[in-house]
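Spelled out from the first residue to the last, the chains are:
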Amino acid sequence: NAGVMQNPRHLVRRRGQEARLRCSPMKGHSHVYWYRQLPEEGLKFMVYLQKENIIDESGMPKERFSAEFPKEGPSILRIQQVVRGDSAAYFCASSPKGTANTEAFFGQGTRLTVV
Amino acid sequence: GENVEQHPSTLSVQEGDSAVIKCTYSDSASNYFPWYKQELGKRPQLIIDIRSNVGEKKDQRIAVTLNKTAKHFSLHITETQPEDSAVYFCAATPYSGAGSYQLTFGKGTKLSVIP
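Same order as they appear, the protein sequences are chains A and B. Using this note's numbering, the first residue of the first sequence is number 11, and each one after it goes up by one. Using this note's numbering, the first residue of the second sequence is number 2, and each one after it goes up by one.
Not one of these hints is a red herring.
Here are the simulated BS3-like pairs of lysine-lysine, each with C-alpha atoms no more than 27 angstroms apart in a straight line:
1) A:K54 x B:K43
2) B:K108 x B:K58
3) B:K111 x A:K54
Not close to chain A: a few residues of chain B, all C-beta gaps over 10 angstroms, as computed:
4) D18
5) A20
6) K58
7) R62
8) A64
9) T79
10) E80
11) D85
12) S86
13) V114
Hints are computed from structural coordinates only; laboratory data are not their basis. Every residue, glycine too, gets a C-beta built ideally from N, C-alpha and C.
Go ahead and model the full structure; you've got the sequences and the hints to work with.
Right, here's the structure in full:
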């Protein structure tokens, strides 16, 4: 089991471009969570998805950000028209079921730099 | 929603001494409390967790205690070693409605173990 895979590990975008971050959960895991981590800060919840469904997007900005977890393929976090404030590490986590009483496994993260 | 407070933000101890990190949470419905260790530039990794039906759990040099009445839980590391140096995050799982159990993290404690 390769663990949670995120790519790319590092992503540089100019202001106004789009950023697409990918997350492949662990085999057998159908629950995916996205978190954002700013330097020297904790992990902020963004969105929780199951296959083909967004369960909770209460932590995701209403504009420019979207997420999906299609039936086939990885989960995608998409940031349109990036701004400097979007620079952060974005972590994906997966679990076999909801994180009430179950461990969430994190990927290595994607470090987004907006220049 | 859930609010998790973590203290201290930084902690320095001599090698061999004990380290204690404390967290409080606000949502009495939370029932799962994991602790994650994050080394510089790496993914958060689960080191220990506790569920609301127990008050204490120990795994070698690491222990966690939970006081549901007071809504606080603590991480104890004994006989600290230089490789324990990292940022430690506590988390709580509140119920967000619609079947969502997403982790809310504290802001982290940077532990430095001085040889």
